[in-house]
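*Asks:* Kindly generate the complete structure, drawing on both the sequences and the hints.
In the order they appear, the protein sequences are chains A and B.
Every letter in the first sequence is one number past the one before it in this note's numbering, and letter 89, counting from 1, is 89.
So the mapping is simple: this note's numbering equals the position in the second sequence, first residue as 1, plus 1000.
The hints are simulated quantities; they were obtained by calculation from the structure and are not laboratory data.
C-beta: ideal position from N, C-alpha, C; glycine also.
You may find that some hints are simply not true.
The calculated lysine-lysine pairs, modelled on DSSO-like cross-linking and capped at a C-alpha distance of 27 Å, are [said to hold, decoys possible]:
id, chain 1, residue 1, chain 2, residue 2
1, A, Lys55, B, Lys1074
2, A, Lys56, B, Lys1074
3, A, Lys73, B, Lys1222
4, A, Lys71, B, Lys1014
5, A, Lys73, B, Lys1074
6, A, Lys55, B, Lys1005
7, A, Lys71, B, Lys1024
8, B, Lys1014, A, Lys32
9, B, Lys1088, A, Lys56
10, A, Lys32, B, Lys1023
11, A, Lys55, B, Lys1088
12, B, Lys1023, A, Lys71
13, B, Lys1023, A, Lys73
14, A, Lys73, B, Lys1014
15, B, Lys1024, A, Lys73
Calculated Cβ distances over 10 Å to all of chain B for the following chain A residues [claimed, not checked]:
id, residue
16, Ile10
17, Leu38
18, Thr42
19, Thr60
20, Pro67
21, Glu80
22, Gln82
23, Asp83
24, Ile88
25, Ile95
26, Pro98
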Amino acid sequence: MSRTQLLKGILDACIMMVIKEQPVYGYELALKLQEAGLPEITQGTIYPVLLRLQKKGYITSEQRESPSGPKRKYYFLSAEGQDELKSISDEWEKIVIPVNKLLGKGDVKNGYD
Amino acid sequence: MDMTKALIQENNDKRELLTGDNKKMYEDFLVYLRTDLRIDEYQGEEILMEILNHLLEAQADGVDADEIFGNNPKGFADELIAELPSEKKRGRTDFIAGQFLNIVAFLLIIQGMLSFVLPYFTEIDQSVGLGNTVLLGIMITIIVLTAIRVVFKLIRQSLFKENHKKAERIAMLKAAVYGMFGFGIIMAAAVFVPEFGPVINVEWWAYIIGGLVVYVIGKLVKK
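*Replies:* In structure tokens:
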């Protein structure tokens, strides 16, 4: 399984996390994900996710004047989105610690390799 | 409706700022989305604009369109379409009814003009079988609607291809063959179906007026 496939499932949460920190528009969001160390995500993949998150009511969007240039569509995390993000990150933590152990990356809690 | 038009206009203007391969890729993507008749038009235009803005900004930063569309642009477009809300059923029915009325109006006006002009040159039988007229109207509508679907499908098949020119030529050739086939069916029906239904004899101006009335009704339906 490639890294991209593995990432796809968790991408919803990553995107919501970025939006939670600060409302962003599409291009900004793509750059922030890349800066966060996920350069293998094709930039376009954020758009199907954004549509899906909007449909579920986890994020909302609004056209706003941007500081530099034209009107842009900004995304905001809704209250439902906050709850969903919390539950995804709780689930993630339950998985990531034992998986790390199993894959021989050491005990995360003790912080050694 | 007007908001959609404004978006399309803005898209036309902004798209010109894309360069070379970026423009080619985006236009394939745009046509692929617009020819998908399931998509709600406004929502479709909105996402098209958002991605165009994205591409323009990326372009300014020296990033190519493949970075945005990935190595499978068609797959990306399909993924987007799957998440877009579909056009309301009602909108589609109105569209089909509107098309039908347009065609009927067109036929009536043509018939009116012919029965005005032709008697100057030759003796013609002004009477028409109502049954045949209705049958022809329905057949032409079905064939026109099918033609729209087929042409869209052919266009979609020719997108995202390495060899653009060749893909376009193949699509045109297929369209021509299907077109002749459809036209043949209509001609055959006009020539070979015997007259049936009540026979009417109408003055040329009555056809024209009837055609205009149907045209206006069609306009109202489409709104």
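*Asks:* Of the numbered hints stated earlier in the document, which are not met by this structure?
*Replies:* Violated: hints 3 and 18.
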